[in-house]
Amino acid sequence: MTPLLEVSELHVSFPRTGAPALVPVDDVSFTIAPGELVALVGESGCGKTLTGLALPRLLPRGAELGPRTRVRLGGTDLTHLDERELRQYRGRRIGMVFQDPMTSLNPVMRVGDQIAEAIHAHEKVSRRDARARVLDLLVEVGIADPPARIDAYPHQLSGGMRQRILIAMALAAGPDLLVADEPTTALDVTVQAQILELLDRLRRSHGMAVLLITHDLGIVAGRADRVLVMYAGRIVESAPTGQLFAHPAHPYTRGLFASIPRLDAETTRLTPIRGNVPRPDQWPDGCRFNPRCPVAIARCLTERPPLDEVAPGQRAACWVAQADAR
Amino acid sequence: MTRSGILGIALLAALALFAVAGPLVGPDPAFQGDLVRGTLLHPSAAHWLGTDQLARDIFARLAGGARVSLTIGLVAVLVAAAIGSMIGLAAGSLPGLAGRMVARCIDLGLALPRVVVLLVILAGVGEVPPLVLGTVLGATGWPAVARLVRGETMRLRHALFVGAAEALGAPPGRVVWREIFPGTLPAVLVASTLGLADAILLEAGLSFIGVGVRPPAPSWGNMIFEARDYLASAPWLLIAPCVALVVATSAATLLGDALRRSLQPDIR
Numbered sequence: 002m003t004p005l006l007e008v009s010e011l012h013v014s015f016p017r018t019g020a021p022a023l024v025p026v027d028d029v030s031f032t033i034a035p036g037e038l039v040a041l042v043g044e045s046g047c048g049k050t051l052t053g054l055a056l057p058r059l060l061p062r063g064a065e066l067g068p069r070t071r072v073r074l075g076g077t078d079l080t081h082l083d084e085r086e087l088r089q090y091r092g093r094r095i096g097m098v099f100q101d102p103m104t105s106l107n108p109v110m111r112v113g114d115q116i117a118e119a120i121h122a123h124e125k126v127s128r129r130d131a132r133a134r135v136l137d138l139l140v141e142v143g144i145a146d147p148p149a150r151i152d153a154y155p156h157q158l159s160g161g162m163r164q165r166i167l168i169a170m171a172l173a174a175g176p177d178l179l180v181a182d183e184p185t186t187a188l189d190v191t192v193q194a195q196i197l198e199l200l201d202r203l204r205r206s207h208g209m210a211v212l213l214i215t216h217d218l219g220i221v222a223g224r225a226d227r228v229l230v231m232y233a234g235r236i237v238e239s240a241p242t243g244q245l246f247a248h249p250a251h252p253y254t255r256g257l258f259a260s261i262p263r264l265d266a267e268t269t270r271l272t273p274i275r276g277n278v279p280r281p282d283q284w285p286d287g288c289r290f291n292p293r294c295p296v297a298i299a300r301c302l303t304e305r306p307p308l309d310e311v312a313p314g315q316r317a318a319c320w321v322a323q324a325d326a327r
Numbered sequence: 520m521t522r523s524g525i526l527g528i529a530l531l532a533a534l535a536l537f538a539v540a541g542p543l544v545g546p547d548p549a550f551q552g553d554l555v556r557g558t559l560l561h562p563s564a565a566h567w568l569g570t571d572q573l574a575r576d577i578f579a580r581l582a583g584g585a586r587v588s589l590t591i592g593l594v595a596v597l598v599a600a601a602i603g604s605m606i607g608l609a610a611g612s613l614p615g616l617a618g619r620m621v622a623r624c625i626d627l628g629l630a631l632p633r634v635v636v637l638l639v640i641l642a643g644v645g646e647v648p649p650l651v652l653g654t655v656l657g658a659t660g661w662p663a664v665a666r667l668v669r670g671e672t673m674r675l676r677h678a679l680f681v682g683a684a685e686a687l688g689a690p691p692g693r694v695v696w697r698e699i700f701p702g703t704l705p706a707v708l709v710a711s712t713l714g715l716a717d718a719i720l721l722e723a724g725l726s727f728i729g730v731g732v733r734p735p736a737p738s739w740g741n742m743i744f745e746a747r748d749y750l751a752s753a754p755w756l757l758i759a760p761c762v763a764l765v766v767a768t769s770a771a772t773l774l775g776d777a778l779r780r781s782l783q784p785d786i787r
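In order, the protein sequences belong to chains A and B. Residues are numbered in the numbering used here as their position in the first sequence, beginning at 1, plus a constant of 1. Residues are numbered in the numbering used here as their position in the second sequence, beginning at 1, plus a constant of 519.
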């Protein structure tokens, strides 16, 4: 199957005067197939949010893409489009859902109007038709009593409902790819599950691919087809969800699992990964996980491990894992 | 809304009622008394606030002045809000050099002393009807609004919901008009209410020195000017328009402050 999205050598840098550029996303490559739900997992500061923003080129001011970076969506390279052309892709082809459902909604605009804006941005439709479609969208994202909610202001809705409104906005123009950046982080646990179920259901009914960006491996388990694990600006492991949970190959991934509380395990103490995530200006040479890695060998300190296959469908950027696989 | 805000609204409403209905309940504004025995009469049942040096009823003239002052003040703040909002939005949202140029124009407008500009214009064109005077006042009052709107626009540009709208492909013009502009309105409303006090005071000042509303048309400013000569013999001539001026400007300021307190925390 030809991929829907093909990201190769994604490189996001912040040039600085008098110091080497910061490179919070360094040589990230991955693909997403149509209708696939891919989770991008990593700790704060690993570059996962920037990776999501880089797809429709919504980078913060001062950020630059690398010269070899390619982001192909359905065969078109987005890295060479101008702003006007990019707007045809933003929303229309790539929908975005952000973390904080309060600040991502305009406090002085009725939620129905905000969803309608996302339609008007791409199509010439009458107000009446737009409103009818907004009502359909509200039903689709599971808002109870849409005719009553369509004219509500954001502060009149709960966090979960606001997140559903944001998802409806992202769906409004019928995108092929939905990028959801920590869509459940600001929500209660029970609501988190509902939102994830909604995303999963929508991608099945619309045939829409989803890139789910999260720091929480737990929410990935039942939903994602594939998991990308990111550490210090690079993808360190990529595997189908079942395979990753059964046999994590990269020591960082194993460390993540060891630090998640489990109900079924014998031991009661968690094993945290020692040390902290290094800052982007202090990334070590070789494998960036080497100072915290329990199995690091000499080669890890000097040579960067490529993201190579360690099992069918599973790739890990780790010299040790690759040696074991052979 | 605080109690002082409600007081402000009540006072402004009372003034508006006074401007509209004053001539109906009080003595006939066209009343022209006996120039020999009817001048400088004390307040009485026939003339609630007395009469002036030309035997005109002060209550009626005060109502006429209220009509002039409130009309000019309202027109001035509406014109200033309209011009200032558009220029402020442009300054805050146009990218690069264009936005900076517009911002410098606002600075230039702020740097020009308003009273001097008004004196030059009004001395040049001579007597103008109240609506035109209000428009001229508004046309010199926009820079303050524009600076405020520019700041709000720049703040809102970085709001997440604006980023969210851009992420869904909203074109820049639509983002500014639909997402940012409504968010600037509370600040404009506050500034305009406070600006109403300024405009009323400015109109009175200009009329006092003779370039605003000119006699025989009544204005609180020219009433104060004419009352000067009779300060010792007929102080009610001076007191009535001065009190009206203080009430009007205080009311607008109280309401403006109350609006600021109740609106500002809501816009994040």
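Careful, some of the hints might be misleading.
[Unchecked claim] Among chain B residues calculated to face chain A with C-beta under 8 Å, some are:
hint, residue
1, A630
2, A683
3, A684
4, G692
Worth flagging that the hints you see were computed from the coordinates, not collected in a lab. Quick reminder that beta carbons are idealized off the backbone N, C-alpha and C, glycines included.
Tested hints:
1. A630: It is violated, given that the least Cβ distance between A630/B and chain A is near 30 Å, above 8 Å.
2. A683: holds, 5 Å
3. A684: Holds, about 7 Å.
4. G692: violated, 11 Å
The structure fails hints 1 and 4 (numbered hints given earlier, in ascending order).
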